[in-house]
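> Quick note, the sequences are listed as chains X, E and G, same order. Okay, so the first sequence: first residue is 1 according to our numbering, each after it adds one. Okay, so the second sequence: first residue is 1 according to our numbering, each after it adds one. Okay, so the third sequence: first residue is 1 according to our numbering, each after it adds one.
Treat the hints with care, since some could be wrong.
[To be verified] Not everything, but these chain E residues come out facing chain G in the computed CB check (under 7 angstroms):
#, residue
1, Leu-62
2, Val-92
3, Thr-95
Just so you know, these hints were derived from the structure itself, not from any lab. Keep in mind the model is a prediction, meaning the values are calculated, not measured. Positions of the beta carbon are idealized from the N, C-alpha and C atoms, including for glycine.
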Amino acid sequence: MAIERLENGPRFCRVLTHNGIAYLAGMTADDLSGDVVQQTKDTLAKVDRYLRIAGTDKSKLLTAVVWLRDIAEFDKMNSAWDEWIDRDGMPVRATVEARLAGDLYRVEIMVTAAI
Amino acid sequence: MAIERLENGPRFCRVLTHNGIAYLAGMTADDLSGDVVQQTKDTLAKVDRYLRIAGTDKSKLLTAVVWLRDIAEFDKMNSAWDEWIDRDGMPVRATVEARLAGDLYRVEIMVTAAI
Amino acid sequence: MAIERLENGPRFCRVLTHNGIAYLAGMTADDLSGDVVQQTKDTLAKVDRYLRIAGTDKSKLLTAVVWLRDIAEFDKMNSAWDEWIDRDGMPVRATVEARLAGDLYRVEIMVTAAI
Chain X
1 MAIERLENGP
11 RFCRVLTHNG
21 IAYLAGMTAD
31 DLSGDVVQQT
41 KDTLAKVDRY
51 LRIAGTDKSK
61 LLTAVVWLRD
71 IAEFDKMNSA
81 WDEWIDRDGM
91 PVRATVEARL
101 AGDLYRVEIM
111 VTAAI
Chain E
1 MAIERLENGP
11 RFCRVLTHNG
21 IAYLAGMTAD
31 DLSGDVVQQT
41 KDTLAKVDRY
51 LRIAGTDKSK
61 LLTAVVWLRD
71 IAEFDKMNSA
81 WDEWIDRDGM
91 PVRATVEARL
101 AGDLYRVEIM
111 VTAAI
Chain G
1 MAIERLENGP
11 RFCRVLTHNG
21 IAYLAGMTAD
31 DLSGDVVQQT
41 KDTLAKVDRY
51 LRIAGTDKSK
61 LLTAVVWLRD
71 IAEFDKMNSA
81 WDEWIDRDGM
91 PVRATVEARL
101 AGDLYRVEIM
111 VTAAI
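All chains should be modelled from the sequences, with the hints used to inform the complete structure.
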């Protein structure tokens, strides 16, 4: 079962496929000027792009881990999530607080999906 | 390879199966009045229930991530874990501290299992 | 599809294989006297050892989650990561801050790999 590394960054892969599953790196917003709602929207749009690169889409999500810089922003993150998620294709999910690699990041999301 | 979403919540799936693996969402105790030992017991009982829904059980665990509200409660969490775990069916595991989505949550556990 | 639990610890498995994937527990350095660079090197050497036990190696990595005790040590951790990683075999990765089970741990890394 081959691994297809579809887009490499300098030190990790952004999206790869193996045995019918797409694995995405932890994704963050490109525009860090926004609040957690905007950053979640940006991050999920990026998730869409990488799922497409892997030949799949959000209707086939398997897992999601959401890290929030401030867990008090849980409801705000969810407002963007709820707008985005396909009710027939919801992954299992866990959401916890964590300081993230960049000080301006409010949210990071890592998903897997079936292909 | 079909995805079976066995129980959906309002914004994510609680348990799904795909290609011989059961994926559970991050689970927390229902009764939040207990200490970390009681909450771990409750959470693992919930894990048992969802594994059963997926047609499997704790003897086939693959992975577990444990988030503790206070890593100083590591030994207390483990006392409940040690009572529960099947010594012939132990998953790989990581345990780290994290603030969780509800202020009373002491522990959250996310697992996968073979079916 | 059989699960092979290749090395059990007292309460979780350190490495197991299932359906063509090797799952490793969250790994930490054995020598905790070192700084984050040294601990990352030690941890990644341990990852190599457990991948070998599972019949694979770092060229087939699928996923990595890196927890740092202090996210300010992100660049230092990466200096050891960059030295270690196989540029043709990079996994998807997420790195977040978390307090870890031992007070001296600076880094914990959990990976999966194809076999």
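> All the hints need checking, so say for each whether the structure fits it.
How the hints compare with the structure:
Annotation: Leu-62 of chain E was flagged as interfacial toward chain G, and the flag holds, the nearest CB pair being 6 angstroms apart, inside 7 angstroms. Of the supplied interface hints, the one on Val-92 of chain E holds, with its beta-carbon coming within about 4 angstroms of a beta-carbon of chain G, less than 7 angstroms. A hinted interface residue such as Thr-95 of chain E counts as satisfied when its beta carbon comes closer than 7 angstroms to some beta carbon of chain G; here the least separation is about 6 angstroms, so the hint holds.
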